[in-house]
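Novice: These protein sequence lines are chains A and B, in that order. Under my numbering, the letters of the first sequence match residues 232 to 551, in that order. Under my numbering, the letters of the second sequence match residues 232 to 551, in that order.
Each hint should be verified, as a subset may be incorrect.
What the hints assert, rightly or not - Below, in silico cross-link-like pairs of lysine to any residue (SDA-like), each with a Cα-Cα straight-line distance of 20 Å or less:
| hint | chain 1 | residue 1 | chain 2 | residue 2 |
| --- | --- | --- | --- | --- |
| 1 | B | K266 | A | K489 |
| 2 | A | K486 | A | E413 |
| 3 | A | K486 | B | M521 |
| 4 | A | K266 | B | E527 |
| 5 | A | K489 | A | L267 |
| 6 | A | K266 | B | I518 |
| 7 | B | K266 | A | T533 |
| 8 | B | K489 | B | L505 |
| 9 | A | K489 | B | I258 |
| 10 | A | K486 | B | F522 |
| 11 | A | K486 | B | E527 |
| 12 | A | K266 | A | G285 |
| 13 | A | K266 | B | E519 |
| 14 | B | K266 | A | V428 |
| 15 | B | K486 | B | I414 |
| 16 | B | K489 | A | S541 |
| 17 | A | K266 | B | G526 |
| 18 | A | K486 | B | E519 |
| 19 | A | K489 | B | E440 |
| 20 | A | K450 | A | N461 |
| 21 | B | K486 | B | D445 |
| 22 | B | K266 | A | K266 |
| 23 | B | K489 | A | V340 |
| 24 | B | K486 | A | M521 |
| 25 | A | K486 | A | Q271 |
None of these hints come from the bench; they were simulated from the model.
So you can see what is in the structure, the chains are spelled out below.
There are 2 protein chains.
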Amino acid sequence: MGNLADQVLKGETRAAARLMRLLDDEIPQAFDELKLLYPQTGRARIIGITGSPGSGKSTLTNRLIAGFRARGQSVGVVAIDPTSPFSGGAILGDRIRMQDHEADPGVFVRSLATRGNLGGLSRSTRNVVHVMDAMGKDIVIIETVGVGQDEVDIVGTAHTSLVVLVPGMGDDIQAIKAGILEIADVFVLNKADRDGVDRSEREIRMMIELGGVDPDGWKPPVARTVALRNEGIDELLEFIDGHQAWMADRGELAKRQKRAVEATYWESVKAELLGLAERRTRELGLIEQMFPESGEPLDPYTAAEQVVASLMGELENGAT
Amino acid sequence: MGNLADQVLKGETRAAARLMRLLDDEIPQAFDELKLLYPQTGRARIIGITGSPGSGKSTLTNRLIAGFRARGQSVGVVAIDPTSPFSGGAILGDRIRMQDHEADPGVFVRSLATRGNLGGLSRSTRNVVHVMDAMGKDIVIIETVGVGQDEVDIVGTAHTSLVVLVPGMGDDIQAIKAGILEIADVFVLNKADRDGVDRSEREIRMMIELGGVDPDGWKPPVARTVALRNEGIDELLEFIDGHQAWMADRGELAKRQKRAVEATYWESVKAELLGLAERRTRELGLIEQMFPESGEPLDPYTAAEQVVASLMGELENGAT
Numbered sequence: 232m233g234n235l236a237d238q239v240l241k242g243e244t245r246a247a248a249r250l251m252r253l254l255d256d257e258i259p260q261a262f263d264e265l266k267l268l269y270p271q272t273g274r275a276r277i278i279g280i281t282g283s284p285g286s287g288k289s290t291l292t293n294r295l296i297a298g299f300r301a302r303g304q305s306v307g308v309v310a311i312d313p314t315s316p317f318s319g320g321a322i323l324g325d326r327i328r329m330q331d332h333e334a335d336p337g338v339f340v341r342s343l344a345t346r347g348n349l350g351g352l353s354r355s356t357r358n359v360v361h362v363m364d365a366m367g368k369d370i371v372i373i374e375t376v377g378v379g380q381d382e383v384d385i386v387g388t389a390h391t392s393l394v395v396l397v398p399g400m401g402d403d404i405q406a407i408k409a410g411i412l413e414i415a416d417v418f419v420l421n422k423a424d425r426d427g428v429d430r431s432e433r434e435i436r437m438m439i440e441l442g443g444v445d446p447d448g449w450k451p452p453v454a455r456t457v458a459l460r461n462e463g464i465d466e467l468l469e470f471i472d473g474h475q476a477w478m479a480d481r482g483e484l485a486k487r488q489k490r491a492v493e494a495t496y497w498e499s500v501k502a503e504l505l506g507l508a509e510r511r512t513r514e515l516g517l518i519e520q521m522f523p524e525s526g527e528p529l530d531p532y533t534a535a536e537q538v539v540a541s542l543m544g545e546l547e548n549g550a551t
Numbered sequence: 232m233g234n235l236a237d238q239v240l241k242g243e244t245r246a247a248a249r250l251m252r253l254l255d256d257e258i259p260q261a262f263d264e265l266k267l268l269y270p271q272t273g274r275a276r277i278i279g280i281t282g283s284p285g286s287g288k289s290t291l292t293n294r295l296i297a298g299f300r301a302r303g304q305s306v307g308v309v310a311i312d313p314t315s316p317f318s319g320g321a322i323l324g325d326r327i328r329m330q331d332h333e334a335d336p337g338v339f340v341r342s343l344a345t346r347g348n349l350g351g352l353s354r355s356t357r358n359v360v361h362v363m364d365a366m367g368k369d370i371v372i373i374e375t376v377g378v379g380q381d382e383v384d385i386v387g388t389a390h391t392s393l394v395v396l397v398p399g400m401g402d403d404i405q406a407i408k409a410g411i412l413e414i415a416d417v418f419v420l421n422k423a424d425r426d427g428v429d430r431s432e433r434e435i436r437m438m439i440e441l442g443g444v445d446p447d448g449w450k451p452p453v454a455r456t457v458a459l460r461n462e463g464i465d466e467l468l469e470f471i472d473g474h475q476a477w478m479a480d481r482g483e484l485a486k487r488q489k490r491a492v493e494a495t496y497w498e499s500v501k502a503e504l505l506g507l508a509e510r511r512t513r514e515l516g517l518i519e520q521m522f523p524e525s526g527e528p529l530d531p532y533t534a535a536e537q538v539v540a541s542l543m544g545e546l547e548n549g550a551t
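Please construct the entire structure, taking both the sequences and the accompanying hints into account.
Specialist: What follows is the structure, given as structure tokens:
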């Protein structure tokens, strides 16, 4: 024990990949390694990228990796893939494109599949980010497909969040409204060679104004890119740098780091408590009591109270 | 106590709305009322509707309500709104459109805002569905904006799930791949008067085939609608009926009902355990220990173990 942590701290990719697998499998010892790594985390700059499917996020991520590499920064990427028997084609293709950088030891890509389980995805994502941070990656990019609440939560704990849109979106504007606007530190108007780019930029700026601009707050800039042709990436990198500098100035970075640690804490608490509850539910046969062969079924609310009371022990029982 | 439950069982809308508010505020007594209502639930037919923003879901929902009402069925609607300072306009407009039916005592609409808290939304949704079911609504429609994991989870526990798409979607096809295909019992190609409707239908059917069709399974039909002009709604209703009949035949309906009860159980367990953990975290001052003024900070993994051990009591402590 601790051996794996040592290797990760030396930046060994194979050790890091192995630790990530053990964490995925919820091996308790792996969390001991994470504890050892914890004092060495907090140095990486975490960048979240989200947006509607088809907005070209993966190509953009690829270009950003190249941009960071050109500056001599090492990069970790957590690519969140939706679970689907159909995701094979397009999304695997995206990943393969990202593997432009596979031969580069300064780039470490890890894909995670979304899962149906309770908050499992944000926990896995955070674990991977921590390992990459401890490895010494200067930049960790979290790229996620979709604009649902989970995706917003995950990307919302990054230091700088990019929301990628395409011109002539129309419907996309509604998607932005659906919760991702609040998390955008930088807007990226990708495929900016398409018609309607001016109008889309106006719409985005209007939405920012409508949201009420705090004069002391950060006003999200809008970057125009054509990721496929590597256009606008330098300006985007400048916007990202600008946001990082602004955060460091205001103590905002420390605030975001604190928020991420608290989220890690709550996800760990949740996972442990639910693990215990699952075992106790089986021991008490509560599912069977909710669906009896005959007689009155136990209602799920009472069943939940029973498992909690049982977990809390007799002493706590009275107080609960 | 029990008074409110009685009024709900008589179908009184004001009592139901009051109970929903108390549940939202997590008033413990409200859950006692839910327990009393539980034996009277399980009769409503639950229909989930999801799809990309801008696909016309709300107009479609409105037409479906009219269709069910014309058959003499009573309808409850849970409309899930994303939280956003920007959602005011378009989405409120949708809701207002739905209020065509406001004067109709056979229709009960309840909006829920998405929240950042842990699984709070699916729990609230399920509570509202249970109350509407106990009220005696024949049909309960859950309409949700967005295609993220949370939305999939919520709509996935309906008896019949509709996924709404528009022709010429292109990008949308990727959204479908992102997890919502699996939950679709019926596809709705809305705005079917647009160009590209044939191609879109072919693409959908191809995806269904690619997914591997179980010869004994349900093969999702594709309904073409123009909700704005009330076209195709009757055929859509037939597809919904067909799915319900197929499920009843196969015992699939009982399976889905069981799954929803189990989800209610787990959400209640999670909410109660996390509530206790929040209190204990404050009592132990764990957040402060993770961010000390000076000295070594406590790591979040160890902190999580400490709160769980404390909650489980001394006796459990050794075993954990």
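Novice: The structure should be examined with respect to each hint, and the outcome stated for every one.
Specialist: Verification of the supplied hints:
1. K266(B) x K489(A): Measuring from Cα to Cα gives roughly 40 Å; hence the hint is violated.
2. K486(A) x E413(A): The given pair, whose Cα atoms are some 16 Å apart, holds under the 20 Å limit.
3. K486(A) x M521(B): 13 Å, holds
4. K266(A) x E527(B): 13 Å, holds
5. K489(A) x L267(A): 19 Å, holds
6. K266(A) x I518(B): Satisfied, since the Cα-Cα distance of roughly 16 Å is no more than 20 Å.
7. K266(B) x T533(A): 7 Å, holds
8. K489(B) x L505(B): Cα-Cα ~24 Å, so violated.
9. K489(A) x I258(B): Roughly 31 Å separates the two Cα atoms, so the pair is violated.
10. K486(A) x F522(B): 11 Å, holds
11. K486(A) x E527(B): 18 Å, holds
12. K266(A) x G285(A): Violated, at roughly 38 Å.
13. K266(A) x E519(B): Holds. K266(A) to E519(B) sits at ~18 Å (cutoff 20 Å).
14. K266(B) x V428(A): 55 Å, violated
15. K486(B) x I414(B): 15 Å, holds
16. K489(B) x S541(A): Violated: K489(B) and S541(A) sit about 23 Å apart, past 20 Å.
17. K266(A) x G526(B): OK: K266(A) and G526(B) at ~16 Å, within 20 Å.
18. K486(A) x E519(B): 14 Å, holds
19. K489(A) x E440(B): 47 Å, violated
20. K450(A) x N461(A): 25 Å, violated
21. K486(B) x D445(B): Status holds; Cα separation ~18 Å.
22. K266(B) x K266(A): 42 Å, violated
23. K489(B) x V340(A): The hint is violated at about 40 Å.
24. K486(B) x M521(A): 13 Å, holds
25. K486(A) x Q271(A): 18 Å, holds
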